[in-house]
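S.K.: Residues per chain, in single letters:
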Amino acid sequence: SQKIEQNSEALNIQEGKTATLTCNYTNYSPAYLQWYRQDPGRGPVFLLLIRENEKEKRKERLKVTFDTTLKQSLFHITASQPADSATYLCALPGGSYIPTFGRGTSLIVHP
Amino acid sequence: DGGITQSPKYLFRKEGQNVTLSCEQNLNHDAMYWYRQDPGQGLRLIYYSQIVNDFQKGDIAEGYSVSREKKESFPLTVTSAQKNPTAFYLCASSIGHRGYGNQPQHFGDGTRLSIL
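Protein chains in written order, with the working numbering: chain A, 450 to 560; chain B, -5 to 110.
Chain B on its own, in the form it takes in the complex (with noise of 0.2 Å):
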């Protein structure tokens, strides 16, 4: 079945420290993106990616980096100048945006991320 992989499904961060989610889809989507979810919050858009080797910065980007060198894969590193970093954080892909703006977009079962 295709369909979006996140691990690990919890993770503890300790201070200082950076730590990485993973996202890898068989659904052959050029567009991935990366969202964050707060309790009674909408979610928030940290970074996308159209293609390999191109991604774009969201509303919330700072403190978070991202790399696509798969198309498959788009792992999102949680750094320690994100201060408040607990929170639910799912990954997502498309078949596209630009051109494809009204493609449904298809979710992991995110991480949640807790500071120890």
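Just chain A, with the same shape it has in the complex (with noise of 0.2 Å):
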């Protein structure tokens, strides 16, 4: 089965830079990457999903990067602000196409 790796540890920035967070994968490449935000106490919200054939996906301030060589993703969110702290789970089709998910990263962005 399809295993996920996202970095426990929490992630601090500054406000105003660009956040990056990853999602490693480890057996076969997914037809497709989805990235999702849960803030404490609620359910994920889904926010981009990317195909094995794009490179990038873009979505306001927010960018994926899928490289199936790497068996990677990078999350990037620009011109950070607190609001956006939280934490960013990425899920990949797992058995019946019902998607996997990591344990996620928390973001902490501080004014």
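Warning: the hint list may mix true and false statements.
[Stated by the list, open to error] Which stretches of chain A does chain B cover? Using the computed rule of at least three CB atoms under 8 Å from a CB of chain B, they are: (1) 471 to 483; (2) 487 to 494; (3) 520 to 534.
[Said to hold, decoys possible] If you want the footprint, here are the derived chain B segments under chain A, 3+ residues with CB under 8 Å: (4) 4 to 12; (5) 97 to 103.
Everything labelled a hint here was simulated from the structure, so no lab data went into it.
Because the structure is a prediction, the values reported are computed rather than measured.
Beta carbons are placed, not taken as given, at the ideal position from N, Cα and C, and that holds for glycine.
Using the hints, build the complex out of the two chains.
M.R.: Okay, structure coming up:
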């Protein structure tokens, strides 16, 4: 089964900087990869999906890259704001195509 | 506004008791899912349903049961057989997953279950 690795240590950055979060997987390259945001005590919210034939996807201040050679996706937030502080989860299709989620990385943006 | 509603937000279970968590969606989605989230862990799939009157076990189904009598509703029962039920339970839906595997999941805001 697919193993998903996200940095368990929180990422602390200053407001205005670019935050970069990493999602690594270990087995087959998935057809797509999703990123979600989760706030404390809330359910995850879908942010972006990137397909295997797409190198990069953008949405406002968000950018996702997908490198099937490195088996890695990078999630960038430019001009970060304290309101961006949350846990970010990546998800890949697992059995029966149901998304399998990583543990998430906590992002803390300091004013 | 369309979305998923989970209730209650907090639930307490006594020893030997079964409890049922509610999940309702008005997104007209075919597929619904239940996940369990423990501190520092990813979401683990308990059960999922592709269509009314059909559901499948996920990775950690033991001690849980579900029903799917209506498209909008997918309640989860945590039975007394589940020895470690304390967790954050999340319900999700998507348009469908077979043939729509790249569709995003829409989540409710969860139910936090604790043991008395």
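S.K.: Against this structure, judge whether each hint is valid.
M.R.: These are the hints, each one checked on the structure:
Given as covered by chain B, the region 471 to 483 of chain A passes the check, having 3 residues with a CB less than 8 Å from a CB of that chain where 3 are the minimum. Coverage of the region 487 to 494 of chain A by chain B holds [criterion: at least 3 residues with CB-CB distance below 8 Å; count 5]. Counting residues of the region 520 to 534 of chain A whose beta carbon lies closer than 8 Å to any beta carbon of chain B gives 0, which falls below the threshold of three, so the coverage claim is violated. With 0 residues having a Cβ less than 8 Å from any Cβ of chain A, the region 4 to 12 of chain B misses the three-residue criterion, and the hint is violated.
With a cut-off of 8 Å between beta carbons, the region 97 to 103 of chain B has 6 residues touching chain A; three or more are needed, and the interface restraint holds.
Checked against the numbered hints above, the structure violates hints 3, 4; every other hint is satisfied.
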